[in-house]
Structures are given as structure tokens and as C-alpha cells.
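Using the sequences and the accompanying hints, generate a full structural model.
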Amino acid sequence: DQQVKQNSPSLSVQEGRISILNCDYTNSMFDYFLWYKKYPAEGPTFLISISSIKDKNEDGRFTVFLNKSAKHLSLHIVPSQPGDSAVYFCAASTTSGTYKYIFGTGTRLKVLA
Amino acid sequence: GAVVSQHPSWVICKSGTSVKIECRSLDFQATTMFWYRQFPKQSLMLMATSNEGSKATYEQGVEKDKFLINHASLTLSTLTVTSAHPEDSSFYICSASNQPTGSPLHFGNGTRLTVT
Chain E
8 DQQVKQNSPS LSVQEGRISI LNCDYTNSMF DYFLWYKKYP AEGPTFLISI SSIKDKNEDG
68 RFTVFLNKSA KHLSLHIVPS QPGDSAVYFC AASTTSGTYK YIFGTGTRLK VLA
Chain V
4 GAVVSQHPSW VICKSGTSVK IECRSLDFQA TTMFWYRQFP KQSLMLMATS NEGSKATYEQ
64 GVEKDKFLIN HASLTLSTLT VTSAHPEDSS FYICSASNQP TGSPLHFGNG TRLTVT
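Chains as they are written, first to last, in our numbering: chain E, 8 to 120; chain V, 4 to 119.
Just so you know, not all the hints are guaranteed correct.
FRET-style restraints, in silico, Cβ to Cβ [stated by the list, open to error]:
#1 V:D68 - E:K75: 35 to 45 Å
#2 E:K63 - V:N101: 19 to 29 Å
#3 E:Q10 - V:S57: 40 to 50 Å
The hints are simulated quantities; they were obtained by calculation from the structure and are not laboratory data. Ideal Cβ placement from N, Cα and C applies to all residues, glycine included.
Take a look at the structure:
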């Protein structure tokens, strides 16, 4: 049972344009969400997070949007740069009960120069 | 801050031997450490959660006798893959946290295990 899903395994975007990565979840108990960036043979690097009390959080070129009713979140990268090319994972957790983070299947982003 | 170091970064071992992977939090005390496994082109699968000084909590389907986890101090957790087999070949990643829930996890750089 995949509680966190990223339905697009890959995405290609032109440099300077917007990259939009999507993530869906099924567990309504999730109330804290994160995006990580990962290069091959390395551990994930934290990018940005959002609590369920918000619907938007922005940090530089990265913005995360949360739609609780749709159980959907997205990561926007504007403008996209070649160095953004990596695999992006969304993750979800609950701030009560069992303390663990569940990861999505990842989206490979390729930013074309 | 919040640096997690994992060692070794890669290891090759023969079938039937055991391999120990170390995870250290370098600049903070990690009350909780998580061990993940990643198969090629797949998600990070949570294997177990360990709290300092107590037994690890394993996810369903993960054999606790095969993947021994020790969290003896607030800065060190170890994962031992016992009697390794080729199907145990994978990328193992640890993460640590010193915060209550609702804060990011910090990850090590992972260990590529190849069992021949």
C-alpha cells in the first residue's frame, strides 16, 4: 500500500522555465510534508517542508503548495536551472502517534540547457 | 549543522558474511535514527526506527534477526546485515533527528552494499 505517490517518474523542463513536481497521499493523518532532492549514490538533501496548517511555503526558487482536501502537494521550482537535475522525493509524516516518514517513489527532473 | 555521516560508502562482501554499517550524527545528538533501503529506481523504503537505548522498531516484512540495529549512544547507530545474500545488495541510507516530530530528517550519504 503506497501511501505517498508520485505519479510522474520523470519530467523534462527547459532552463529558466517552471518545474512542477506533484505528490499525492492517502493517509489523512499526515500533517507534515517535505521535499528532498537526491543525486545518485548520495543521501537525500532536504529542500523545503510544509505543515498542514499552511497551504503554501516559499523558500527562494522553491515553493511548496498543499491542498489538503485533495491530499495533494506540489513543488514549484522557478526558474529551473541545470543544477536542479536530480530525483525529487516527497515525504509525509504525522506529528502525533508513530514518528516516521514515508517517501514517495520519486520524480527524475531533467533541466535542459 | 545537522550533519550525518555514514560509513562505509560502499562495501562488497561474500555471500554468508556479515556487514556492519555505521551512522553518526556529527554535530547534534540524535534521539531517533531511521534506516532506509533503496532499490534501483525505487523509493526509499523505511526498514526500522531506532531510539537511543531501546530496541529498534522494524517495519512489516523486515527481518529483525537479519538486519540488526543498535543505537547505543545519541550519536551512533549501526546496521548489521547478517549472513548476507545477493538479494541483500542495495543502497542503505540512515537518517537522524534530534527534534520532535514536525521537523526535517537529515540523511547520511548512504552505503552501497554488493553481495557476491
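Against the structure shown, which of the earlier numbered hints fail to hold, in ascending order? The structure conflicts with hint 3 only, although it agrees with all the remaining ones.
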